[in-house]
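Could you slot chain E onto chain U? The hints should help.
Protein chains in written order, with our numbering: chain U, 104 to 870; chain E, 104 to 870.
Source of the hints: derived by calculation from the structure; they are not laboratory data. Treat the hints loosely; a few may be bogus.
Any copy, or any two copies together, can satisfy a pair, since identical chains are not distinguished.
As the list claims (entries may be wrong) - Here are the simulated lysine to any residue pairs, SDA-like style, with alpha carbons at most 25 Å apart:
no.	residue 1	residue 2
1	Lys576	Lys679
2	Lys310	Val170
3	Lys386	His371
4	Lys691	Gln491
5	Lys174	Asn775
6	Lys405	Asn206
7	Lys499	Lys679
8	Lys309	Glu299
Number of protein chains: 2
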Amino acid sequence: MKDYLKKDEWKIIEEGFNPNYNRISESIFSLGNGRFGQRANFEETYSGDTLQGHYLAGIYYPDKTRVGWWKNGYPEYFAKVLNAPNWTGIKIDIDGEELDLANCEVNDFVRILDMKNGVLERTCTAKMKSGRIVKIHAKRFCSIANDNIACIRYAIKAVNFSDPIQLTPFLDGDVINEDTNYDEKFWEPIHEEATENEAYLITETKKTEFQVCTGMRVQVVKNGDIIDIDGKSFTKDKYAEVAINTSIKDEEEMVIYKYVSNITSENHPKSNLLTVCKNEVEKATTTGFEQLLTDHQNAWAKKWEESDIIIKGDVAAQQGIRFNIFQLNQTYTGEDERLNIGPKGFTGEKYGGSTYWDTEAYCIPFYLSTADQRVARNLLVYRFKHLQKAIENATKLGFKNGAALYPMVTMNGEECHNEWEITFEEIHRNGAIAYAIFDYIRYTNDEAYLTEYGMELLVGIARFWAQRVHFSKPKNKYVIHGVTGPNEYENNVNNNWYTNFIAVWCLKYAMYAIDYVKSQNATQFQSIADRIKFYEVTETNQWKDIVDKMYFPVDQELQIFLQQENFLDKEIIPVKDLPAEDRPIHQKWSWDRILRSCYIKQADVLQGLYFFEDAFDIDTIKRNFRFYEPLTVHESSLSPCVHAILAAKIGDYEKAYEMYLRTARLDLDDYNNDTEDGCHITSMAGTWMAVVKGFGGMRVADDQLSFTPHLPSQWKGYSFKIRFRNRLLKISIDTSGTHIQKLEGVDLKIKVNTKEVQLVGEDPILC
Amino acid sequence: MKDYLKKDEWKIIEEGFNPNYNRISESIFSLGNGRFGQRANFEETYSGDTLQGHYLAGIYYPDKTRVGWWKNGYPEYFAKVLNAPNWTGIKIDIDGEELDLANCEVNDFVRILDMKNGVLERTCTAKMKSGRIVKIHAKRFCSIANDNIACIRYAIKAVNFSDPIQLTPFLDGDVINEDTNYDEKFWEPIHEEATENEAYLITETKKTEFQVCTGMRVQVVKNGDIIDIDGKSFTKDKYAEVAINTSIKDEEEMVIYKYVSNITSENHPKSNLLTVCKNEVEKATTTGFEQLLTDHQNAWAKKWEESDIIIKGDVAAQQGIRFNIFQLNQTYTGEDERLNIGPKGFTGEKYGGSTYWDTEAYCIPFYLSTADQRVARNLLVYRFKHLQKAIENATKLGFKNGAALYPMVTMNGEECHNEWEITFEEIHRNGAIAYAIFDYIRYTNDEAYLTEYGMELLVGIARFWAQRVHFSKPKNKYVIHGVTGPNEYENNVNNNWYTNFIAVWCLKYAMYAIDYVKSQNATQFQSIADRIKFYEVTETNQWKDIVDKMYFPVDQELQIFLQQENFLDKEIIPVKDLPAEDRPIHQKWSWDRILRSCYIKQADVLQGLYFFEDAFDIDTIKRNFRFYEPLTVHESSLSPCVHAILAAKIGDYEKAYEMYLRTARLDLDDYNNDTEDGCHITSMAGTWMAVVKGFGGMRVADDQLSFTPHLPSQWKGYSFKIRFRNRLLKISIDTSGTHIQKLEGVDLKIKVNTKEVQLVGEDPILC
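Bound conformation, chain U alone (with noise of 0.2 Å):
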């Protein structure tokens, strides 16, 4: 836990240079536009402490797999998030001597990420070894109105010395990533060049073969005026730069401007990427940083004015949902269906692959809410498109017939995880696949999705688990050995009621997809069901049997859901009792007491409640909230949101308002100790849904949008906007009640609390 940070409700504000802080301002102050981003290094050489990184959305390596014991069935790489070059670095040199704030005596040091507007701006005063001053400050972007571009606009000012001055914007691939497991580097050089205001640079990946040009055209403006710069280009393998040999004066700012772009083979041909990069880079220097800036600066307007969420009465808590919502924005803009949300986004390396089931689980409510439902869709086409790779990951594990288990971690549709229990244990993964259909459909009655793509992913996990349970004699039920759920500290468990639940029910959305598209389409559901060879009737009478047999286990005394077979043999002592030093149990325990432990890492029999909340009444949702919340250690980010909402339903605002405390900001306040390997991406969505499904109790049911909704005695007020089936709506919640507002879209009747109320005009409602 660290507050370092001035709270502010639309900037993230850091004031004081602390090189101990650094890897952490890296990831929160990070940049990204969908296509690419970086983390917050300086421009200039900076000696200290610092992980540089560069990424580019979609372009991986197969990282050859690090493992202690070899197990049947392991993949052998592990795709990770590529270092990607470095296209913000400017060496500065006045006279012989470098600038590096490591060896200066730093003052007046701001950085501001600038959430409204997309930008991060940095300012300090420098003294430096021989006594020279300067201020820097430093302002960039990475566009989202044009993603193929990024700028860079760097001041320095002589402060109290005149002397020659070099500067040197370069270009580097020669990049490593600090998590590579044997220490390799994964660019190979492809081409580079240089002339004396720009520079071009062609990387490649090992293996998988990406290519990338990375591309810079500089300007030094002295005085207000553009001089002639006259560079020195240089070039070696994977890098390149153009070194602008001028003077400084006391007093004189000097502004140097480079102009960027990144493309990549994802998006054109190899043989097409200097010449687009080239482009690229002309445009935006003719554009010009302002009105770029400007461009780009509309962009995100247009953005908040539809996903923002307004908090009166509590800075902190604006702040923090406000840099939930830019980061996941920055992260993924739903435009390329080839792409998916990184754990850890543009912000770090860690976890390697870009998709995990908390896409499913956490983020595709968000982009739903606040997005064209277009973007929700692209991220389940995404996984239609990997279901092959699904299916022969599953028959690896012996599975046949067209049986499906998504991969836990993935890049490219292969799993890149290698833990047992989680790799061929964490199979409830492939429920949330499925739940995100259902999900999507239910919130934008687009179910002609269903004949798409859905059916056909549905019947493969429909498979999958047909052929995952066993038929348990003495128990005369069906039954799923060996699994982890969600709650990741209890491995390899007989009967996990989460993932028992999310079997049956993949099973019978199934065969209502399978009866839908029947009955929309019959040649297409009889050429689908030709092309996977699906046996309608042999298949759903297993199915049926499976649902109506399968085995749940439940205490009768405590009237509630068994997270697995015998969970209550366990020691049960609340979170509450366990001594502060034993705490997060997963850096102080050894595995095996987390394992025999009751705690729980994250929400697993509540991630079920949550998810099909209908099927249970209030008192079932109490009952096993309040037995296994004080059970619950909420050591992964994806915890405390699903809480939070849970808590709303059944009326405990306080747990609630603390649950979602620990959410929102998390990143901010480092919350874990581990910001600094990059920001936790995809909980943010969990932030959001905090507020909308928790305080907001946003419901879809009966096709009907809903509302309870409920304001913290912490703040004044709450508003946020939402998509929803082509209209706009803004709800705001103050002390004088619920005001509906649509923005857009003809008429919709909607429920606030029990009562059903219907939106016609764009007046606000007061409910």
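Same frame as chain U, now just chain E:
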């Protein structure tokens, strides 16, 4: 399964050179003398597929652990048996052409391991690329009469040429472990020297800083005369050689003798290594090859005199059992209490570490019966000396108050294995370590061991179990959660019957030991109790409560013990119904599928029935054997012997013989397709047990030795000797009955079948 070795009662014979089998033969034909050993690598250069391996007892390297996902409590280092300096090499160069069987036409190749004499011999004719034909006759041994010494006699004969020849015996410390985790070399150079006929090398291991001095002196004999060799010495880091330039005439044979000594800092001060090594080499050379060989053979004759098993009418079985006894005697001599029995002995480097629970569960009975009781006692003391490390290990995992958890794999008492399901959960190993004390005392009657060492260790272990159990409210019993039993095809299970049983047994035996020591020497008891802060009443009261209220999973209907809770929930399909292509399942199935299946890697419940046979009636043993045997895949080399013993116990002799066959020739026939990595040394003791405890039915119960002999129908007869309480007995079983002969020691009353037999004189008694 391979069958390329000739059957012979005393020899292992390979006729014809098959490079594909070279690694397997290198393992099988390994030599060792308890202090050092090496694989059967050729003396001359061999560029084909080979695993070059020289090993020194107790010399290890803590290689940095390789792990995919770190868990708290994992050891940082994985201690590896070190590939040590090569002392066998002799390069042969004939007028510029190097002798290398990989580049020759090889004829009349014969490799013989003479187990009676402990000698490796190889003869062949090699036609070189140039057309030159040479005959090689190499012979070597690692002296067990003087375990500092090894000798090579290498004869080479020119068949069709007369040419200059260079013989270059060398010492090479620049070796690498094939299983190094990060491709590092583990040895540093300290010193090299060489003269015209000798060379010395001192090398030191990184981190552990063991030093070894490897020395050699060479002699060359031509036409029966020692020639003046005037070798050209050459040294570089970690390497020394003596190149002998002479000539060879057609039909002439030239013999090179290499007298080698390996001296380590385990047994001598570092400053003395060179002097001691030089003395040993000098002494050996003076004594001469033939005399050293005679001394060595005499020592082997003595070993065989005590440990041989003779099987009549079945050469394959005879060869198999002798190979096992030979390897066990090569691996561990029991003279150094710091040493233990590595799973691969001196035959390979796989599995790292030297000590597994194999020692206690499988090896101790062999050494108890075939060697002075001091040998088994040393193995017990070895663990006692690691008690503090075991306490540290338990502390690291959250246990308190002197609780001891012995490591799963170790070299120096520290854990060096890191799969959580093994390292943290396969805790039954603690039980085997306690059981070995019981087993030793039962056999030797040396109860004083409890006072000297045993009780303190037993208290540490009992304290572990007392903390590792917890009380289950629903069961109203103590339970043990999250363990891996001996059957490693189940992980993280609750209430493994074997573990629960041995835990309770440990508590009871610790209390017995306490009472014994108190009764024998109250002062000493109090002194130990004070030192280890043992609060007898409080602690033993808790232990008694656990003993009284431990939960044991059973099935009332089948009247069997359940391997773990809910075992019968699995699909129970006997191994015989598995498709052949699915086996071995550890190579064909993914880990989750193995875990979910009912298949048993090695005896688990049955291990308990074997250890604690006296606690169960014969029907209980039968019912459990008949339930679990058909589910056991025996994919551990340690499994069949226990099944063989129990099958014999219940009179199922056909099964007993089948199981015996699987264990006896496991390596010779490369049954598991892994002999190339080295031999399964520890399971070899199991083979001995299968004969002596299985067919011979040897037991010690109620302070009395007994036999219930059975003659397998495939054999004409068999006999073995055992040491028992200062007697030496010979037991011969043939069609005429069982003959018992007391060869040494005072009178003894034993039981054969149900009959008591008084052994008075030295004449055989027919029972």
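Going through the hints against the structure:
no., hint, result
1, Lys576 to Lys679, "between (40 Å within a copy, 21 Å between copies)"
2, Lys310 to Val170, "both (20 Å within a copy, 23 Å between copies)"
3, Lys386 to His371, "within (18 Å within a copy, 78 Å between copies)"
4, Lys691 to Gln491, "between (41 Å within a copy, 22 Å between copies)"
5, Lys174 to Asn775, "between (31 Å within a copy, 17 Å between copies)"
6, Lys405 to Asn206, "neither (42 Å within a copy, 75 Å between copies)"
7, Lys499 to Lys679, "between (44 Å within a copy, 24 Å between copies)"
8, Lys309 to Glu299, "neither (31 Å within a copy, 52 Å between copies)"
Violated hints, in rising order: 6, 8; the structure is consistent with all others.
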